[in-house]
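Colleague: Read off the chains here:
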Amino acid sequence: MAETVNITVNGTQHSKEVEGRTLLVHFLRDTLGLTGTHVGCDTSSCGACTVHINGKAVKSCSMLAAQADGKSITTIEGMANGDELHPLQESFREKHGLQCGFCTPGMIMTAADLLNHNPNPSETDIREALEGNICRCTGYHNIVEAIKDAAEKMAVPA
Amino acid sequence: MSNKYIGQSVKRVEDKRFITGEGRYTDDIVLPRMVHAYILRSPYAHARIKSIDTSEALAMKGVVAIYTGKDFENINGVPCGWQVNFKDGTTMREPKHPLLVLDKVKHAGDGVAMVVAETKEIAADAAEAINVKYEVLKAVTNPKEALAPGAPLVHDEYPDNIAFDWQIGNDKAEVDAAMDSAHHITKLDFTNNRVVPNAMEPRSYIGDYDTAYDRYTLYTSTQNPHLIRLLMCAFVLGIPEHKVRVVGPDVGGGFGSKIYHYTEEALVTWAAKQLRRPIKWTSDRSEAFLTDAHGRDHVSTAEMGFDKDGHIVGLRIKTYANLGAYLSTFASAVPTYLHGTLLQGVYTTPKIHLDMTCVFTHTTAVDAYRGAGRPEATYLLERLMDVSAHEMGIDPAELRFKNFIPPFDGVNQAGYQTQVALQYDSGNYHAVLERGLEMLGYADFKEKQAEARKNGKLLGVGFSTYIEACGIAPSAVVGSLGARAGLFESAQVRVQPTGKVNVYTGSHSHGQGHETSFAQVVADKLGIPLADVEIIHGDSDAVAFGMGTYGSRSLAVGGSAIVKSIEKVLEKGAKIAAHKLECSTDDLDFADGKWTVKGTDKSIGFGDVALTAYVPHVYPANLEPGLDFSSFYDPANFTYPFGCHIAVVEVDAETGKVTIKRFVAVDDVGNVINPMIVEGQIHGGLAQGIGQALLEGVIYDENGQLTTGTFMDYAMPRADDLPMFETDRKTTPCPHNPLGVKGAGEAGAIGSTPAVVNAVMNATWHLGVRDLEMPLTPQRVWRAMNHK
Numbered sequence: 001m002a003e004t005v006n007i008t009v010n011g012t013q014h015s016k017e018v019e020g021r022t023l024l025v026h027f028l029r030d031t032l033g034l035t036g037t038h039v040g041c042d043t044s045s046c047g048a049c050t051v052h053i054n055g056k057a058v059k060s061c062s063m064l065a066a067q068a069d070g071k072s073i074t075t076i077e078g079m080a081n082g083d084e085l086h087p088l089q090e091s092f093r094e095k096h097g098l099q100c101g102f103c104t105p106g107m108i109m110t111a112a113d114l115l116n117h118n119p120n121p122s123e124t125d126i127r128e129a130l131e132g133n134i135c136r137c138t139g140y141h142n143i144v145e146a147i148k149d150a151a152e153k154m155a156v157p158a
Numbered sequence: 001m002s003n004k005y006i007g008q009s010v011k012r013v014e015d016k017r018f019i020t021g022e023g024r025y026t027d028d029i030v031l032p033r034m035v036h037a038y039i040l041r042s043p044y045a046h047a048r049i050k051s052i053d054t055s056e057a058l059a060m061k062g063v064v065a066i067y068t069g070k071d072f073e074n075i076n077g078v079p080c081g082w083q084v085n086f087k088d089g090t091t092m093r094e095p096k097h098p099l100l101v102l103d104k105v106k107h108a109g110d111g112v113a114m115v116v117a118e119t120k121e122i123a124a125d126a127a128e129a130i131n132v133k134y135e136v137l138k139a140v141t142n143p144k145e146a147l148a149p150g151a152p153l154v155h156d157e158y159p160d161n162i163a164f165d166w167q168i169g170n171d172k173a174e175v176d177a178a179m180d181s182a183h184h185i186t187k188l189d190f191t192n193n194r195v196v197p198n199a200m201e202p203r204s205y206i207g208d209y210d211t212a213y214d215r216y217t218l219y220t221s222t223q224n225p226h227l228i229r230l231l232m233c234a235f236v237l238g239i240p241e242h243k244v245r246v247v248g249p250d251v252g253g254g255f256g257s258k259i260y261h262y263t264e265e266a267l268v269t270w271a272a273k274q275l276r277r278p279i280k281w282t283s284d285r286s287e288a289f290l291t292d293a294h295g296r297d298h299v300s301t302a303e304m305g306f307d308k309d310g311h312i313v314g315l316r317i318k319t320y321a322n323l324g325a326y327l328s329t330f331a332s333a334v335p336t337y338l339h340g341t342l343l344q345g346v347y348t349t350p351k352i353h354l355d356m357t358c359v360f361t362h363t364t365a366v367d368a369y370r371g372a373g374r375p376e377a378t379y380l381l382e383r384l385m386d387v388s389a390h391e392m393g394i395d396p397a398e399l400r401f402k403n404f405i406p407p408f409d410g411v412n413q414a415g416y417q418t419q420v421a422l423q424y425d426s427g428n429y430h431a432v433l434e435r436g437l438e439m440l441g442y443a444d445f446k447e448k449q450a451e452a453r454k455n456g457k458l459l460g461v462g463f464s465t466y467i468e469a470c471g472i473a474p475s476a477v478v479g480s481l482g483a484r485a486g487l488f489e490s491a492q493v494r495v496q497p498t499g500k501v502n503v504y505t506g507s508h509s510h511g512q513g514h515e516t517s518f519a520q521v522v523a524d525k526l527g528i529p530l531a532d533v534e535i536i537h538g539d540s541d542a543v544a545f546g547m548g549t550y551g552s553r554s555l556a557v558g559g560s561a562i563v564k565s566i567e568k569v570l571e572k573g574a575k576i577a578a579h580k581l582e583c584s585t586d587d588l589d590f591a592d593g594k595w596t597v598k599g600t601d602k603s604i605g606f607g608d609v610a611l612t613a614y615v616p617h618v619y620p621a622n623l624e625p626g627l628d629f630s631s632f633y634d635p636a637n638f639t640y641p642f643g644c645h646i647a648v649v650e651v652d653a654e655t656g657k658v659t660i661k662r663f664v665a666v667d668d669v670g671n672v673i674n675p676m677i678v679e680g681q682i683h684g685g686l687a688q689g690i691g692q693a694l695l696e697g698v699i700y701d702e703n704g705q706l707t708t709g710t711f712m713d714y715a716m717p718r719a720d721d722l723p724m725f726e727t728d729r730k731t732t733p734c735p736h737n738p739l740g741v742k743g744a745g746e747a748g749a750i751g752s753t754p755a756v757v758n759a760v761m762n763a764t765w766h767l768g769v770r771d772l773e774m775p776l777t778p779q780r781v782w783r784a785m786n787h788k
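Just so you know, the sequences run in chain order S and V. Heads up: the first sequence at position 32 corresponds to 32 in my numbering, and the numbers run straight through without jumps. Heads up: the second sequence at position 108 corresponds to 108 in my numbering, and the numbers run straight through without jumps.
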């Protein structure tokens, strides 16, 4: 029951055969080898697998690869521009917004979506936006700080 | 020697790979010809296996092999690493924890069969086609119920479900007499709720066997690769340790749950040789809930006695600890040597007695979870302190000041000998509470609270002044207490010819940032740039030996081992430098990366000395070439960090919902290498401690089914459950290790839980609330307020 999907990931177009039941996250990890997108649960509760589909944050465990046919996807591997890190990536490092790093890709993708539609979020806005992403290491304090910091960086063009 | 890096918030070296998606966790690793394992687990908490039929599953396309309990009848189970004896001296009961169950399953999730297939999906499909016939038996999940006559037996050979009983402290009669003399006694019943560690990376293992070299490799999401190798080789599979490489690559959090040697590690290693193919097993989250060792789960009655001036005269505790169905690696040590020994707290309590009964139930094994025994001790003490203060009409801060052990630095003043075996190294408990009260603005707070109450707002403040014990040691002492391993650490400092340095540590980072903080120590001690140092950990082929990372031991024990090796490097380096500079080593000073002849400008840099060590043309006679030293460091004592945590909560009078308005934490973890990392560790601990108080809790139903088995049913702390934390530090150096560090990993989780519960009690005391069981869900708080 394999079918062919055409999916653009981080600017590269892929035409691949997938099983009907293959989740998008497994397609990204197993078929394309993009292991920066993580699987932290089996109930779409933790957000470790968050990617952008046509610019919007989506938990890639909550849809089939087949449903992403024709779509454009950005994963954590596509966030930096060559050696130039995305401001969120920089801020997570500068503000110590990560420890074990497992939830980090999902956190960054969710935060990027937040900043895309709310460039100047309050602490409450940030905490509510992260509601679908679990971090067990940081207590969220420094993640909130990192996102605030990135918002400031992105507001003032270098 | 000037410090350029030590004490600075150096940004983490390891972050680059994590923020770009290049972290390499076990499940990210793909080996050629790799197959996938799926474990079929018992749906019942207690049942006899009547038969297992694998024929249909085996016939499915893509299935490579299926193993059941029969394959492991003559192979040992996973061992317990700490022997505790009954009060009467007999050895604790150690049931076999088989790799797969042969006859009787003992908790929901017990492994029954392992399917190996070309893909994980095929393996899962095939597992569904295995036909297991069970005879379902009654289960028991509560430790006190498990002791009742006629309770279902977890292990048929142990007719009372007791793993062992144990006691610590003063003579029971002395404690009883002290309690009889008390002017006031506060007596409380406690349940320390069972929680699930839930590291975000589920456990994952790859077993590989290389026929050409007769060599195994196990990739494992572990906190201690060498310990896993030792346990698996020597106790389970009986394979030669020198033919096994264990790699703990990037590991996505541990919190204790990845210390233990799990059955699946041995299964994939064993089967890799059978099949001559690499085998990967990765846990689902639901499986993790069923099979990762859980934490806490104590049921206690505790009494604290006071004289008429509010001084503690005695502490008497009876506790039942639920160990689950099997003894996990450190399960027996947690409620005993990591718990009973902390019941002195930070107080001068003259008489203490703990009576402990450790019980088997039809539940997942319980073992160390962030803090491990110390949070349970702190919870008892700090809840008793706040309730006693309320009952006696004394301010809870005042009651603590009255009972604190006076400050001692462990150098000019001796360490403090407790009534429960330990000797504290150094402490200043007054200082952290004073600073906490200052940050809180306690005087103003009381006015605010009165004002809020007038407006119908239930504002409360709760205190916790904790102590903990880190870097469990020394080996001889822990050995005499039953540890089946030493608790030292190893480190190798290998200076390359160009002066660049590789450091091999037996400690393991799974979020703690060793690659940065350890490098800060090395760079400063050698006077070289941070970028010239690489920290290597987590590979038993690279690192000589290691006891791993848990119990906040990494820097205090692992860091001290590194310092020892650096001292050896510098001692040899001085000989080379003296030869080159044509002087005596006594004439040399080492600072800022160079040896200088005292009183002159003649010097030689570290890099030149390193090159000379490897190109020894002009070289001291009788000195070996090379600059590469290993050390093993066995600490003289535990380290004893302490602190003051204060929670301010608001309780919704209508719904019982608790909101944390402020959280103040003043911790003293000794000297600090990287304040940013330490603060991050405190934050994370606080979140876990607050999570236990307000949100998290395991519930088994009457059949032993885990009803809180997913992130939809088990409430993990999320970003909008927590406040911004207000943190500060005091510094009382550890007097017995070279860095003066104590450890910061667990502190947050130890102090915060009682502070939160105390705050809710404080907010609702005037409504008659006297008892609250964690987690403090809105329903529980509302019921308590409304006496329903």
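Note that these hints are calculated values from the structure, not bench results. Please read all numbers here as calculations on a predicted model, not as lab measurements. Hints may contain errors.
Only part of the chain V face toward chain S is listed, based on derived beta-carbon distances under 7 Å [what the hints assert, rightly or not]:
{"no.": "1", "residue": "L31"}
{"no.": "2", "residue": "A687"}
{"no.": "3", "residue": "T710"}
{"no.": "4", "residue": "M712"}
{"no.": "5", "residue": "D720"}
{"no.": "6", "residue": "D728"}
{"no.": "7", "residue": "R729"}
{"no.": "8", "residue": "L739"}
Positions of the beta carbon are idealized from the N, C-alpha and C atoms, including for glycine.
Colleague: Could you tell me which of the numbered hints above are not met by this structure, giving the numbers in increasing order?
Modeller: Of the numbered hints given earlier, those the structure breaks are 1, 6, 7 and 8, listed in rising order.
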